[in-house]
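Participant: As you go down the protein sequences, you meet chains X and U in turn. The first sequence begins at 385 in our numbering and counts up by one. The second sequence begins at 385 in our numbering and counts up by one.
Worth double-checking, as some hints may not be accurate.
Identical copies carry no separate label here, and so any pair may be met within one copy or between two of them.
Capping the alpha-carbon separation at 30 Å, the derived lysine-lysine pairs in DSSO-like fashion look like this [said to hold, decoys possible]: (1) K649 with K528; (2) K449 with K775; (3) K462 with K415; (4) K649 with K660; (5) K390 with K649; (6) K386 with K798; (7) K573 with K413.
Simulated from the structure, these hints should not be mistaken for laboratory data.
2 protein chains.
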Amino acid sequence: MKLDVKEIFDGDLIGKEVEVEGWVRNHRKQKEFGFIDFSDGTCFNHLQIVYDDKLSTFDEISKIKNGSAISVVGTIVKSEGKGQSIELKASDVKVLGDCPDDYPMQPKHHTREFLREQAYLRPRTNLFQAVFRVRSVAAYAIHKYFQDRGYVYAHTPLITANDGEGAGQMFQVTTLPLDKLKGEVDYSKDFYGKKVGLAVTGQLEGETFAMAYKKIYTFGPTFRAENSNTKTHASEFWMIEPEIAFCDLEGLMDIEEDMLKYIVKYVLDNCKDEMKFLDSFVEKGLIDKLNRLVNSHFTRVDHEEVIKILKEADVKWEFEPEYGEDIAKEHEKYITDYFNGPVFIKNWPKDIKAFYMKQNPDGKTVAAVDLEVPGAGELMGGSEREADYDKLVARMKELNMSFDGLDWYVNLRKFGGCYHSGFGMGFERLLIYLTGVDNIRDVIPYPRTPLNCEY
Amino acid sequence: MKLDVKEIFDGDLIGKEVEVEGWVRNHRKQKEFGFIDFSDGTCFNHLQIVYDDKLSTFDEISKIKNGSAISVVGTIVKSEGKGQSIELKASDVKVLGDCPDDYPMQPKHHTREFLREQAYLRPRTNLFQAVFRVRSVAAYAIHKYFQDRGYVYAHTPLITANDGEGAGQMFQVTTLPLDKLKGEVDYSKDFYGKKVGLAVTGQLEGETFAMAYKKIYTFGPTFRAENSNTKTHASEFWMIEPEIAFCDLEGLMDIEEDMLKYIVKYVLDNCKDEMKFLDSFVEKGLIDKLNRLVNSHFTRVDHEEVIKILKEADVKWEFEPEYGEDIAKEHEKYITDYFNGPVFIKNWPKDIKAFYMKQNPDGKTVAAVDLEVPGAGELMGGSEREADYDKLVARMKELNMSFDGLDWYVNLRKFGGCYHSGFGMGFERLLIYLTGVDNIRDVIPYPRTPLNCEY
């Protein structure tokens, strides 16, 4: 009976004969025995395979190298060793795919930098096996959260002629032969007949769907051609952008809080072994941190009040907090400490926020909200959207924005517009928070950063 | 109590007072009564709202235009009209967002071409409300199928220096200032320091994850810069590419068949009203067709046998079927008719298939398989992968392929390689099959085709 290792751990199979196929993670040989640390990747825990010299093939088995693919037939028995409750006593071991001595993933410590260079092999290590399983389960949790609540999943376009919110540098997409260009470019000859690039957001198109389905979300790749080499920036990453009609800023915060707690709890419940490993070896106290979030109360406070608290704080700031201005990382940290938990900072100065945000009656602020989470910083950013046609148009003119190609977006306010809100969450930021891994390059299978596009 | 229309239809609320927010799809006024065909997009069916001249605001309500956003307070009552079991007797109706008379989505027949031009409004029509709900639910069914079975969802990169299987024309991605280029391009100055483009497949990277997790799938956007203006081609579309280690061609067909039946059944079960509409107005017999698939047996037959059947058929072909060659649409149709159901055509001539497919012992064919579905044509294409290092290298040399940037792919055969298989399914092809809508432009929210990149 061919089984996944996960099925063996989940089942009650002591005394049963089974067959498994997978890889040798570590092979320890003794004179009369051998132990194979075996993984087929279907669960985090490895199965120990034991064989002894009563097997006629003992000598051949002894020679099997780390990294090899093997199939094993044997009997599930109680383990007397520590670290596992059951093991597989082999009656037959076959090599399916050999592995040479220069295999880079030998069972020893590797630096994360080295593993990044070997990105195609790193999911075979415990660390990345855990991280990318969490990535998969967290992605599913997001879909499940929204689908169970009747949201429609909208695939917004990646190639676009809009620069979205104007928030990010765009990559250009073209089929023109670059080596034959001279001076002014004739875009009528390009694939789409105009200049296009990779989307920095799906929000604007998302709003069009919210005006038909009430509750929608996007979950897809997003691009920024920013030349920043930090631990938290990648030029290709995944974003979730829910958009909800008939929802105001308070309602939006309810959704953000509920969703985040759901995802965190789902990962804790469905990646127990992975999270235990990450808690032990990557971020001590990780599971506690996440459980605290699930049980915490999210504070809601105005930006102005935040600045007041920061100004009154007995702290020597690197960046002086100012009314009307953005806040720095040091301020974010102080504020979540101050309130001892996640904080929604709302009603931001309009001049530092995007054109589509709802203008508050005070004439100075917009109904925007950033969620600050202890140990993660800003995890989500959202707003109520400006639903008033005249106010939106006036703001766009004030900012010298072109209406070219955005007429449809403005028209949403004309054709049965309504109050509505949405937010964006960078998926990798969430993963950094969930796994304790502190570099975005280590939560993306094949990260893209300036001058780096391997695989 | 504010409720979604879906909650009202799902609940038992007769006699209860509720509040709803949504849009006027149609407004019929009589002297003493008015009927509003009301949708909030949370379910396919509309709620009928009735109001009468006992309301002091009767005259104002009578003036509400099609397309307007409104909020309604009222009591759920049994409906005496036909077409619905309950309706909402209004006590208060407020306009949240007006809509002018030149609103393009008036309740009358619109051509699909017109609706494509108004893509941002078309989800408000019954047809597209149904199609994009099915898209969302089908996407979730795919995630659910794989996650429930322990597959890891892998996000493969979209920007890449590889041309994948060499199967499709690639878009180039750049941050170079095109109007300043002259002659030979210095890619060391480009964002990634080399020439890159948009991925045509995630399979190769997917294989690296299958070698660590055994069972993985991708589900993300894919790009083809092909200048084809057909009903089934878009330059940006979504693909699902599962990859399974320790799985041969027979095992792969088991998975393809099981997955397809699961998705179809899931959509039938979870989009009942949408499917009923599509069955009535788009493709008569759609639900029967899909139920037949769920209950059908998928035939498995060699390519060679298919050609023999075609040659022996008493049919005058436009394209003569030939051993060693691909088959045409007319042949696909004949074969699914012949076997009266879906057909896996396997073991294809190696010269017309990709380099990574497992070479069969006959030296002429590869272990590839295409799934032909009645009414859909080729829905999936897959293969067992060549696991033998020497054979893979020899084939790549034979095809004059460069190993540059593909060393890691070849190395998968060296470092514990094993037999493994995978397939690709174009998501939009599946949607065309599921909805009966015959143009790919009508199953993608904002389709991208040559010279067309609106929104």
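Participant: State the violated hints by number, sorted upward, taking the hints as numbered earlier in the document.
Facilitator: Hint 7 contradicted; others consistent.
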